[in-house]
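Peer 1: Starting from the two chains in their separate frames, assemble the complex, guided by the hints.
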Amino acid sequence: VLVTPREEEPQIDVTMANVFIPFPGASAKDVENLVATPAEQVLARIAGIDHVYSVSRPGMAVLTVQYKVGEDGTKALVRLYDTLESHKDWLSPALGVGEPVVKPKGIDDVPIVGLTLWTADPARGAFELARVAHAMEVEIKRVPGTRDVTTIGGPAHVSAC
Amino acid sequence: MEAERMGAFGVTAQDVRAALQASNASQPAGALVKDNREVLVQTGAHLASAADVKQLVVGVQNGQPVFVTDVARVEDGPDLPSNHVWFGSGAAGSAKTPGEHPAVTLAISKKPGENAVDVAEQVIAASNR
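Quick note, the sequences are listed as chains A and B, same order. Going by this note's numbering, the letters in the first sequence line up with residues 453 to 613, in that order. Going by this note's numbering, the letters in the second sequence line up with residues 63 to 191, in that order.
Excised from the complex, chain B in its bound form (with noise of 0.2 angstroms):
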């Protein structure tokens, strides 16, 4: 958020916070009957992209509405990670890639009484998959 431009469109933290909060929201609203067929309705939708984000009003100045990209940057991906993994080799590994690269590990844990070996086969056939 821009703290100048909500200051010139008079728009606070707090009318951002309630317009998302206000817009991010869906309910059942009953079941239509039609044709011997039941169609269910729902009011609102939730917000699904930096897009839908841009275009909320957050307040009027002037009789005009004053919309989220007014006030403030919107931005579509990838979060600050709280965990990395790289993935690299030393010399004794595959000359073909050398040095550290991203990765991500996925950690497999398996119920009480079960056979971790039979289990750990079977992850691995299915990632393989």
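Looking at chain A on its own, in the form it has when it is part of the complex (with noise of 0.2 angstroms):
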């Protein structure tokens, strides 16, 4: 049997990028009036877009530009980060807002397989799962193949003070 590696059937193209941008110390009126809606302003001009979100909260603008089904990825990332690099001057420097941080997503961030660790043992809990499920991300990752091994649920461990 013959077979033909793909994913979709058709294999389409669906990108979308989150652009956050951050603003340290502004209220969220201050992020949306000052780098959050000038932001949009700036991103709809790339082409083959459909749609871009914004939400701002206090520090942080998070942009989402959804391009449309089809459109080739590397060369919609290309215009997205042409078009962000080529708009550095568009606020003051001394505003105090950060470089923005591109993130895109497409059909291969979206996991493959979801793995479960649980226990009824009531002397241990999300914490203990947690470090033997990052003890196990090590091994996983060695799969040819996979991409991103990341675990959900589970505090991080830290020191307080």
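Honestly, the hints are just simulated from the structure, not real lab data. Predicted model only: the values in this text are computed from it and were never measured. Any given hint could turn out to be false.
[Unchecked claim] Short derived list, chain A residues pointing at chain B, Cβ under 10 angstroms: (1) S544; (2) L569; (3) V610.
Positions of the beta carbon are idealized from the N, C-alpha and C atoms, including for glycine.
Peer 2: The structure is reproduced here in structure tokens:
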């Protein structure tokens, strides 16, 4: 039997990216007025875009750029980086708005396997399970073809004072 | 941090922050060659536990050092979780473990162009090892 490697039938490009723009110390209202709304306008100039959304929260603007279905993913991201790079001077550097971070999201970021570890032992909780899961992450990452191995749930280890 | 004890010892939050930052740093300091062997030398060490943090000196009062443990409570352990996973079985489930139990989920994605079935089967095989 001939096996053709493909992910969907037909193969389609669904490209979106989150752009995080930090603005430390600013209120959600200031973030919206000074960063999120102008950034929406800047990003909306990109060809092949379906929607631009934004979420403003204290200290951070999160913009979601959604391309039309079928836009080539790599080319779409080049246009996004190009737009952000060429508009670096859109705000005064003295304002304190930080460098944007682009996190592209695609079909390959969707998990294909979910493994849930649980325990009925009342002496152990999510913290202990998370430590086991982190140890397993390393082992699973050795499987060829895996992309991201992440643990959901379970608190991190900290020293607090 | 306890504001009253900090006030009594004359220590500010900035002092604590500076002490933590200065102590949690390490850098290479060159190499030592002896007996035809090279030993890499490093200065400083990273803070590894609550015990390390507790004994940091954050200030001096009346010629006596003030330790972090004098002005703050230091605890080692789990952070506040930002997401939770629970595992439970319903009426038709196993009677041995009724109710809901704490859980964590490992989410595994695949590289573009890889066969999802093959990767998933290998992942499951690796997790059973």
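Peer 1: Compare the structure with each hint and give your call.
Peer 2: Hint check:
no.	hint	verdict
1	S544	violated (29 angstroms)
2	L569	holds (5 angstroms)
3	V610	holds (4 angstroms)
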